[in-house]
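Engineer: One letter stands for each residue in the lines below.
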Amino acid sequence: MLTRTRGKKADLGTYKFVIPRHSFSSPENYVYKPKKGLNEDTVLTISEVKNEPEWMRDFRLKSLQIFEQKKMPDWGPDLSRINFDNIYYYIKPTEKVEKRWEDIPADIKNTFERLGIPRAEREYLAGVKAQYESEVVYGSLLKELSNQGVVFLDTDSALKKYPKFFHEWFGKIIPPSDNKFSALNSAVWSGGTFVYVPKGVQVKRPLQAYFRINAKNMGQFERTLIIADEGSFVSYLEGCTAPLYSSDSLHAAVVEVVVKKNARVRYTTIQNWSGDVYNLVTKRARVDAGGVMEWVDGNIGSKVNMKYPSCYLVGEGARGEMLSIAYADVDQHQDTGAKMIHLAPNTSSKIISKSIALNGGRTSYRGLVQISESAKNAKSKVKCDALILDDASASDTFPVMRIDESSATVEHEATVSKIGEERLFYLMSRGLTEDEAMSLIVNGFIEPVVKELPLEYAVELNRLIELGMEGSVG
Amino acid sequence: MKKVNINFNSADALTLSPKEDTLYNIRYDGSKPGQKSLVVSLTIPNVSCTVYFGYKASLGTIIDLVTTVVHKAPYTTSDTEIEGVLYDGGISNYQGKVIVEKTARGSVSRLEDRVLVVGEGTHNHAEPVMQIETNDVTASHASTTGRVDENQLYYLQSRGLSRDESQDLLVDAFLTPLGV
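Here the protein sequences come in this chain order: G and V.
Everything in the first sequence is counted per our numbering, starting at 1 for the first residue and increasing by one.
Everything in the second sequence is counted per our numbering, starting at 475 for the first residue and increasing by one.
A hint or two may mislead.
[To be verified] Calculated lysine-lysine pairs in the DSS-like style (CA-CA distance at most 30 Å, straight line):
| no. | chain 1 | residue 1 | chain 2 | residue 2 |
| --- | --- | --- | --- | --- |
| 1 | G | 383 | V | 546 |
| 2 | V | 493 | G | 418 |
| 3 | G | 376 | G | 204 |
| 4 | G | 164 | G | 261 |
[As the list claims (entries may be wrong)] According to the in silico footprint, chain V covers these stretches of chain G (three or more CB under 8 Å from chain V):
| no. | stretch |
| --- | --- |
| 5 | 52-66 |
| 6 | 194-204 |
| 7 | 414-423 |
Bear in mind the hints are in silico, worked out from the structure with no lab data behind them.
Cβ atoms here follow ideal geometry from the backbone N, Cα and C, with glycine treated the same way.
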């Protein structure tokens with residue numbers, strides 16, 4: 001293990017050790033890897049290695065203090081097994097952001113290729129950012145986008161190149177004091193994506209990022225900031241898969257989205273962390289007048305997932321939407337939901353949540369619809385449906401509605417059920433096996449969300465769920 | 475089905491554990507402040523329980539209501555309907571919990587909480603919670619908040635009623651579930 005003392009320049013010699021191969025994991029091969037654990041030194045080291053401006057270093061240090069003061073949430077899933085001292089807070093896989101695919105180290109390439117990720121999609125998508133460990137190693141951006149003035153960068157480089165945006169918006173949508181994990185992220189953040197879309201620009205093809213955790217006990221604390229200027233449109237996609245490891249990992253990202261007047265942003269996530277990851281993510285959008293924010297969220301992996309993307313509808317006529325799927329298999333707890341905060345007149349929101357629990361998994365919907373007194377004629381609609389496939393599994397619903405405006409219209413409905421015997425019987429009478437019939441029904445159940453996904457994501461999601469359901473009948 | 479009428483104005487807490495299929499019709503005018511707690515416990519297999527709960531809240535009235543429906547026995551059915559009317563300045567805090575325990579296979583549960591807003595400056599906070607521990611179950615809840623339908627008001631006024639009379643009539647209709 002490479003160690004260093006404060007104040008000295010880091011020795012960036014290649015450090016290598018090989019761990020036994022599990023599933024997809026590649027041997028860990030890192031340029032620089034600080035010690036486990038979190039303290040002021042860790043934070044200063046990260047800031048120093050990244051050669052950050054002073055204000056960012058101070059922001060990190062202040063966030064660390066807030067993190068230490070904040071209590072763990074006293075509600076929701078059990079987080080008592082997270083040991084903050086047993087986590088690597090920063091790993092830099094290669095020294096600089098790679099621009100050409102050919103330059104990417106072979107073992108990193110291998111892992112990506114086994115998952116079948118970017119090569120085929122490269123030509124199809126506008127730009128590919130792949131986050132391997134804590135830093136973006138591969139980035140490409142089509143010329144037409146940069147000609148339009150669109151910025152699509154990893155957050156670290158963007159901080160250096162576009163400090164103006166960071167002074168204006170970084171940590172403003174989600175302040176470090178929001179919750180314990182946003183404070184943690186603010187202290188040790190690394191990597192993530194920065195997107196800026198100028199006024200009136202419509203980005204035709206989706207921007208994509210791919211995140212992976214590959215080192216044992218590694219925390220990923222990426223930080224994403226998306227700014228859509230007036231009248232613009234952008235669709236951003238992120239997907240995660242991770243190889244299986246036996247000890248617990250932590251992923252605490254912060255995603256801030258700024259939707260200016262009449263702009264529209266769609267943020268799509270497919271989360272498929274391995275079964276030992278705690279995924280504790282804070283995602284929030286601020287939506288100005290006439291703007292539209294759409295979250296599309298697929299949660300398939302991780303051990304414990306707590307994620308409640310939210311929309312602050314601050315301008316007149318702003319709209320927020322959430323479409324989500326949660327899939328909880330053995331030993332998984334998917335605690336997901338959405339928050340819609342209506343702060344201006346004629347704002348509207350819609351939440352559609354679908355969840356599936358099987359093999360002892362647990363799904364929870366936890367949501368908030370808040371209509372403040374000034375939000376005249378606000379409208380909100382919430383629909384959550386849960387399927388429980390066997391009697392070892394469970395599901396909860398915790399919706400909260402705070403309606404402080406008399407002219408608001410709010411609807412909420414939720415159902416929990418199993419797969420109907422008669423439907424299974426019908427499909428089996430047409431020649432399907434019980435497995436096939438079940439996965440067909442489940443695919444139909446999540447269809448309203450899947451149809452909103454780009455084709456390759458929809459295919460991947462359906463395939464993942466089919467794989468998960470194999471042999472689940474019994 | 476047995477029918478029971480209950481006035482909830484004087485009591486603070488109420489526990490119902492029906493032995494046979496029962497319909498409870500509960501009224502509450504919010505005149506006595508403090509939290510009201512209603513517990514429905516279904517411990518006998520195959521028993522079905524229907525609860526209609528109606529309340530009105532105007533300025534100075536704070537409705538603070540907690541209902542808990544627990545399915546313990548198999549093949550039990552619960553249908554809970556909470557109907558509230560909020561006049562000027564009316565405040566409602568409602569927490570509705572449905573728990574289907576592992577032992578309650580084959581249960582059917584429905585919870586509906588509907589609030590009609592008549593006045594201005596109202597506050598309506600609702601938390602309908604479901605906790606389902608078994609798969610052989612049909613559970614649902616629904617919650618709505620909205621104003622009196624303008625078209626219905628217009629229709630009644632066109633038949634010669636004043637706006638206030640029309641509104642009172644619609645409020646009465648809202649609070650009177652079918653079959654009670």
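Engineer: Work down the list of hints and note, for each, if the structure agrees.
Structural biologist: Here is what the structure says about each hint:
1. 383/G <-> 546/V: Within the cut-off at roughly 27 Å; holds.
2. 493/V <-> 418/G: Cα-Cα ~28 Å, so holds.
3. 376/G <-> 204/G: The hint is violated at about 34 Å.
4. 164/G <-> 261/G: This hinted pair holds, its Cα atoms lying about 20 Å apart.
5. 52-66: Since three or more residues must qualify, the claim that chain V covers the stretch 52-66 of chain G is violated, with 0 doing so at under 8 Å.
6. 194-204: violated (count 0)
7. 414-423: Holds, because 5 residues of the stretch 414-423 of chain G bring their Cβ atoms closer than 8 Å to Cβ atoms of chain V.
Violated hints for the displayed structure, listed by number in ascending order: 3, 5, 6.
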